[in-house]
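Asks: Listed below, chain by chain, are the residues.
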Amino acid sequence: MNEIASILNIGLLQNTLRTATPVVLAALGCLMTDHVGMMNIGVEGMMLIGAFSAVMGSWLCGSWAMGLLFAMGIGLLLGLFYGVFVIKFKSDEFIIGVALNIFAGGLTTFLLRTLTGQSGTFHAPDGELSTLPRLTADWLGSIPLLGDLLNNNTLLVYVSWVLVLLCWLMIYRTPLGFWLRSAGEHPDSLRSAGRNPDRMKYLASLLCGMLSGLAGAHLSLGYLSTFSENMSSSRGFIAVACVIFGRSNPPKVFLAALLFGFIDALGMRLQSVGISSALTSIFPYVGTVLMMVLVVWRSERRKKKMARTPLAQ
Amino acid sequence: MKAGNRFSYLVSLLISVAAALLLGGAIMALSGYNPLDGYSLMLQGAFGSTRAIGNTLAKSATLCLTGLATAIAAQAGIFNVGGEGQLYLGAMASAYVGARLTGVSPWIAVPLCLLAAMAAGGLYAYLPAVLKVKMKVDEVITTIMLNSAAIYFCSYLANGPLKTAEKGVSAGTDSVDPAFMFSRLIKRSNLTESIFLAAIIALLVWYVMKKTTTGFEMKLTGQNQRFAKYSGIKAGRLAILSMVVSGAICGLVGMFEVFGLHTRFIESVSNEFYYDGMLVAMIMRYNPVGIILMSLFFGAMKIGGTAMELNAGIPSSLIIIVQSIIIFFMAAEEGILTSFQARRAKKKAALSLRKGDTL
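Residue numbers (numbering that gives the first Met the number 0), protein chains in the order written: chain A, 0 to 312; chain B, 0 to 358.
Hints in this document: simulated from the structure, not taken from any laboratory.
Take the hints with a grain of salt, since some may be wrong.
Below 25 Å or equal to it, Euclidean Cα-Cα: the simulated BS3-like pairs (lysine-lysine) are [claimed, not checked]:
#, chain 1, residue 1, chain 2, residue 2
1, A, Lys251, B, Lys135
2, B, Lys233, B, Lys135
3, A, Lys303, B, Lys233
4, B, Lys133, A, Lys304
5, B, Lys345, A, Lys87
6, A, Lys303, B, Lys228
7, A, Lys303, A, Lys251
8, A, Lys302, B, Lys218
9, B, Lys135, A, Lys303
10, B, Lys218, A, Lys89
Now the in silico label distances, taken between C-beta atoms and shown as ranges [to be verified]:
#, chain 1, residue 1, chain 2, residue 2, range
11, B, Ile14, A, Gln270, 44 to 54 Å
12, B, Tyr206, A, Leu11, 47 to 57 Å
13, B, Thr49, A, Gly119, 43 to 53 Å
14, A, Lys303, B, Val10, 49 to 59 Å
15, B, Ile199, A, Pro250, 48 to 58 Å
16, A, Leu175, B, Gln43, 28 to 38 Å
Beta carbons: idealized from backbone N, C-alpha and C, even for Gly.
With the hints as extra help, turn the sequences into a complete structure.
Replies: Dropping the structure here:
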């Protein structure tokens, strides 16, 4: 009983928020590209480069804000790069995504060694790295459970919540979002309405790059406060799975990412009961596969049901 | 591929490789190294001695097998991104069987180890393949997830239940009977007898893909599943089969690592070997002969890159950058060509208009 209590406590939920946030941000980026019909599996690599740029920015300029700016700026460049290849040169989006991921691994390792002379994990030579601030509000602290949960998170956790709302508003409640969606579904009708679908696609890949950069920044400056080689460890792919799971609808994708965060956090908690960390590290990956199977199974069943109803009447 | 098509493809490939090497040189120069030194060290490291040549050949064999594993699945229209996990499980399964059969005649034990590796890799590929074919679950994501799961699982086994009692081994299984090990063909190099097996597998894959009806049916399935189904091909079964074969090959690659070099399963049994091979396969558009040739080039770059890092301090990750630049160019090749042609056509049209020709 004590063991269960030590696993299922408020810390578990706090960890859920912390681990889910990079996935939420990367998934928001990825769903943009999914809406225009080019699912970007390169978010993994974009995230890794974002994490690296954030640490470099913070280290070189001595402020986390510059780190964020670096990550977003480089992310925008990567988004442009992806867009030029997929939209202008009509390359296979899968191949470009895979190549981007491999490129990101090589580039960050190379730059870490040449820029800082270190390898593996980055240690700021002049002491502390400026990391994302944690926010607290006194009035929240007075609320029992909720206060503990909502207080003392890093800045990007709150930003990601706002972004979920903003993305939803943009995609489903503004003309821009309407054009974005039709660029993926009916590019020809969009063209005859006088809008350029390619421009929408560029917009989506730029947003995707920026959000993936932010995701990386949270990973390196909020979650771990350092950069290490290949630190994205498939979180970008989990983000892609969340996009599929939530059918590219921001709030649903957000819930999927929270579910992933919960599984990940649960795995980490189980380590405290003496279960091997190698074993608990499997949790999020197997969880994602199960999630993917579940979502397809559900939609198949719905299809069958829909096909059956007219006959029953 | 038609002859003319193949020629223009080769030309673009050569240009892409040259451009990527130039860019790599520029990156070296920008980070304060001498690119000529770097590349000459790389050449030396790859071909400078018999030992170097042996290492290059061994590396190329690994790349070739993993590349062909990607290709055989991709030909049937299913992407196996999970080769890394299949490789780990193959290495683990064969190492376990090899350690358990200590003392048995190698003529019985080694084939069993080969089988164990193929079964482990193949079964692990079967799962995402069935999910893809029967339930339409995207195989790219599931195979990537299964990669991480397998790697962590093997690391759990090597640190926990199957950890060897031998002293001086930080994490790894019991070592296999030395009699089962492939012997080295060149002293102190990584080239072992396993390269003959690799050559046989490569030949078989080429033969099946290019010369048999099954290969043709796989191609049809990959190009248009519905058409394949209507022409009486069991498309789903074929896709699953090619994925299982792909996984089995990856499992064998893991077995070759254990029985050629490490004598036991260790956590660093592979260092993203599968992704390197996948890159080769993608660049060569899943053409088996092309993959065999290209893996020699990539193998030499990998081995040479390590020497470059040792002797000049240039990080070998530069090689990964150069290789991914090649794939960026090749993926964009068609688009760049057509945009050139479009521009030329536009110019021509503008010129002819200016001349006052009637359209």
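Asks: Against this structure, judge whether each hint is valid.
Replies: Tested hints:
no., hint, verdict
1, A:Lys251 <-> B:Lys135, "holds (21 Å)"
2, B:Lys233 <-> B:Lys135, "holds (16 Å)"
3, A:Lys303 <-> B:Lys233, "holds (24 Å)"
4, B:Lys133 <-> A:Lys304, "holds (18 Å)"
5, B:Lys345 <-> A:Lys87, "holds (17 Å)"
6, A:Lys303 <-> B:Lys228, "holds (22 Å)"
7, A:Lys303 <-> A:Lys251, "holds (23 Å)"
8, A:Lys302 <-> B:Lys218, "violated (30 Å)"
9, B:Lys135 <-> A:Lys303, "holds (15 Å)"
10, B:Lys218 <-> A:Lys89, "holds (23 Å)"
11, B:Ile14 <-> A:Gln270: 44 to 54 Å, "holds (52 Å)"
12, B:Tyr206 <-> A:Leu11: 47 to 57 Å, "holds (55 Å)"
13, B:Thr49 <-> A:Gly119: 43 to 53 Å, "violated (33 Å)"
14, A:Lys303 <-> B:Val10: 49 to 59 Å, "holds (52 Å)"
15, B:Ile199 <-> A:Pro250: 48 to 58 Å, "holds (55 Å)"
16, A:Leu175 <-> B:Gln43: 28 to 38 Å, "violated (57 Å)"
The structure fails to meet hints 8, 13 and 16 from the earlier list, while all remaining hints are met.
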